[in-house]
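Visitor: Listed below are the residues making up each chain.
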Amino acid sequence: DTGVSQNPRHKITKRGQNVTFRCDPISEHNRLYWYRQTLGQGPEFLTYFQNEAQLEKSRLLSDRFSAERPKGSFSTLEIQRTEQGDSAMYLCASSPQTGGNTEAFFGQGTRLTVV
Amino acid sequence: AQSVTQPDIHITVSEGASLELRCNYSYGATPYLFWYVQSPGQGLQLLLKYFSGDTLVQGIKGFEAEFKRSQSSFNLRKPSVHWSDAAEYFCAVGRSNYQLIWGAGTKLIIKP
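Protein chains in written order, with my numbering: chain R, 1 to 115; chain B, 1 to 112.
No lab work stands behind these hints, which were simulated from the structure alone. Just so you know, these numbers come straight off a predicted model, no measurement behind them. Idealized CB from N, CA, C, for every residue including glycine. Certain hints may be false.
Some chain B residues flagged as far from chain R (calculated, every beta-carbon gap over 10 Å) [unchecked claim]: (1) Ala-1; (2) Gln-42; (3) Gln-45; (4) Thr-55; (5) Gln-58; (6) Ser-70; (7) Ala-92; (8) Ala-104.
Label pairs and their calculated CB-CB ranges [stated by the list, open to error]: (9) R:Gln-50 with B:Ser-52: 21 to 31 Å; (10) R:Ser-27 with B:Ser-52: 26 to 36 Å; (11) R:Arg-15 with B:Pro-79: 41 to 51 Å.
In isolation and in its complexed conformation, chain R is listed as follows (with noise of 0.2 Å):
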């Protein structure tokens, strides 16, 4: 399978831990993209990497928050002392570098429940 791939699909946690989620895009492509998602809601940008730099970061992307890409392949975001409003799909996507209006592919996303 050649798309991207989320992983873990579900996570429950209790509220103050720290949970992390790995993300790998398709392998040629050198963006990716962060986004959360909430129940009966479009998509929401987190933040965005082209190769291992980190080159844009929402104001959602609260002190809580990490997102590293370190060889410019996989990526992992990190949210510590979890809070319950952090329950939400997180979104994975990735793009080639061919200006800005490429298709983005998307992966399953991990579902996060903080209780």
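With chain R held as given, fit chain B onto it using these hints.
Guide: Same frame as chain R, now just chain B:
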């Protein structure tokens, strides 16, 4: 303010009937326009996109959309829906993938 409105939260259509999903946007300049579909347990999949040129855009799975600048709309259509089209549909606008503004989605229910 930039925004995307999908006025219908749910739409129910009989199998074989035609479909139109509405999308209106507010944006400073003419944005790029997208429709994505999200099926249960699946990732978002691009149906079609408009960047410039012909305002009637053909996409995958028999979908098309028409950009109407005067109405700031980009409605999605399909002449005959299939049960497999049941999913949630999202309209998005913007100038790049990381600057997309998304609608809240329209859930399509297909009646047998």
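Visitor: Give a verdict on every hint.
Guide: Hint-by-hint comparison with the structure:
At the 10 Å boundary, the C-beta of B:Ala-1 stays outside the reach of chain R, the nearest C-beta of that chain being 14 Å off. At the 10 Å boundary, the C-beta of B:Gln-42 falls inside the reach of chain R, the nearest C-beta of that chain being 6 Å off. Against the 10 Å criterion, B:Gln-45 falls within the reach of chain R, whose nearest CB is about 7 Å from its own CB. With a cut of 10 Å on Cβ distances, B:Thr-55 stays outside the contact zone with chain R, its closest approach being about 16 Å.
Distance check on B:Gln-58: its Cβ is at least 15 Å (rounded) from any Cβ of chain R, clearing the 10 Å threshold; non-interface status holds. The non-interface label for B:Ser-70 is consistent with chain R: the shortest C-beta to C-beta separation is roughly 23 Å, beyond 10 Å. Against the 10 Å criterion, B:Ala-92 falls within the reach of chain R, whose nearest CB is about 7 Å from its own CB. Its beta-carbon lying about 5 Å from the closest one in chain R, B:Ala-104 breaks the requirement of being farther than 10 Å from that chain.
In this structure the supplied range 21 to 31 Å holds for R:Gln-50 paired with B:Ser-52, their Cβ-Cβ distance being about 24 Å. Between R:Ser-27 and B:Ser-52 the Cβ separation comes to about 30 Å, which falls inside the hinted range of 26 to 36 Å. Between R:Arg-15 and B:Pro-79 the C-beta distance comes to about 49 Å, which sits within the given range of 41 to 51 Å.
Checked against the numbered hints given earlier, the structure breaks hints 2, 3, 7 and 8 and satisfies all the rest.
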